[in-house]
Amino acid sequence: GEDVEQSLFLSVREGDSSVINCTYTDSSSTYLYWYKQEPGAGLQLLTYIFSNMDMKQDQRLTVLLNKKDKHLSLRIADTQTGDSAIYFCSHGSSNTGKLIFGQGTTLQVKP
Amino acid sequence: DTEVTQTPKHLVMGMTNKKSLKCEQHMGHRAMYWYKQKAKKPPELMFVYSYEKLSINESVPSRFSPECPNSSLLNLHLHALQPEDSALYLCASSPLGGRNTEAFFGQGTRLTVV
Chain A
1 GEDVEQSLFL SVREGDSSVI NCTYTDSSST YLYWYKQEPG AGLQLLTYIF
51 SNMDMKQDQR LTVLLNKKDK HLSLRIADTQ TGDSAIYFCS HGSSNTGKLI
101 FGQGTTLQVK P
Chain D
1 DTEVTQTPKH LVMGMTNKKS LKCEQHMGHR AMYWYKQKAK KPPELMFVYS
51 YEKLSINESV PSRFSPECPN SSLLNLHLHA LQPEDSALYL CASSPLGGRN
101 TEAFFGQGTR LTVV
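Protein sequences appear in the order of chains A and D.
In case it helps, our numbering puts the first sequence at residues 1 to 111.
In case it helps, our numbering puts the second sequence at residues 1 to 114.
A portion of the hints provided could be inaccurate.
[As the list claims (entries may be wrong)] The list that follows gives simulated cross-link-like pairs (lysine-lysine, DSSO-like), each with its CA atoms no further than 27 Å apart: (1) A/98 to D/40; (2) D/36 to A/36; (3) A/98 to D/53; (4) A/70 to D/41.
[Claimed, not checked] Have a look at the derived ranges for each label pair, beta carbon to beta carbon: (5) D/63 to A/51: 34 to 40 Å; (6) A/51 to D/51: 24 to 30 Å; (7) A/68 to D/83: 45 to 51 Å; (8) A/69 to D/17: 46 to 52 Å; (9) A/19 to D/56: 33 to 39 Å.
Keep in mind that the hints were calculated from the coordinates and are not lab data.
Using N, Cα and C, we set each Cβ at its ideal position, and we do this for glycine too.
Could you build all of it, start to finish, from the sequences and the hints given here?
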């Protein structure tokens, strides 16, 4: 299967860390992606991780990949109100090359 | 230039109208995509063009007609749409080879069918 599962909602206080989790079933994906979508806007590619990596850090963003458990997470340090958005976990299908998206996690940041 | 530009940003059309959505990218990407997105849902793939040829049609109704005039442009022609076709239509592009599923998205066209 090619399912991607995410929790639907996360609420944090400004300045806290946010952790958004994702599980997937296609173990042969080469790259896994995190996209951010603000209200009324398109999807912005935030970061990606290659499947032979365990961790990738990019400024306030840390991506962790546990291949054994097929679990991907996105940690946002020092979360700001501008981080409020929907975050989509995604990977490229090894069968079709198409992007497979999770349902999206709505991140609410309270001042 | 890492942008995918879509026009118009908003479109309201009647069920008997004919309209077109336009998409442009200048990143040299050879794959371009149309997605449909309903509120609070992930994008759903509609069409994929690779090297200006239609490579994937996800069983989309014929009232949606894609066109790829050249490697930088992608159009979506709309005719006789239904109210349930109201959605955000997203264009994306990606390089072929390597991270070929790394897609760059436009800001979308918010379509309302009345």
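Comparing the hints with the structure gives:
1. In summary, the hint linking residue 98 of chain A to residue 40 of chain D is supported, as the alpha carbons are separated by about 21 Å, within the 27 Å threshold.
2. Taking the CA atoms of residue 36 of chain D and residue 36 of chain A, the gap is near 16 Å; set against the 27 Å cutoff, the hint holds.
3. For a cut-off of 27 Å, the pair hint linking residue 98 of chain A to residue 53 of chain D stands: about 16 Å separates their Cα positions.
4. A threshold of 27 Å between alpha carbons decides the hint, and for residue 70 of chain A with residue 41 of chain D the separation of about 22 Å falls inside it, so the pair holds.
5. For the hinted restraint 34 to 40 Å between residue 63 of chain D and residue 51 of chain A, the CB-CB distance of approximately 39 Å keeps it satisfied.
6. Against the hinted window of 24 to 30 Å, the Cβ-Cβ separation of residue 51 of chain A and residue 51 of chain D comes to about 26 Å, which satisfies the hint.
7. At roughly 47 Å, the beta carbons of residue 68 of chain A and residue 83 of chain D sit within the given window of 45 to 51 Å.
8. The beta-carbon spacing between residue 69 of chain A and residue 17 of chain D, approximately 50 Å, falls within the hinted interval of 46 to 52 Å.
9. Here the CB-CB span from residue 19 of chain A to residue 56 of chain D is close to 34 Å, well matched to the stated 33 to 39 Å.
Going down the numbered hints, you'll see the structure goes against none, and every one checks out.
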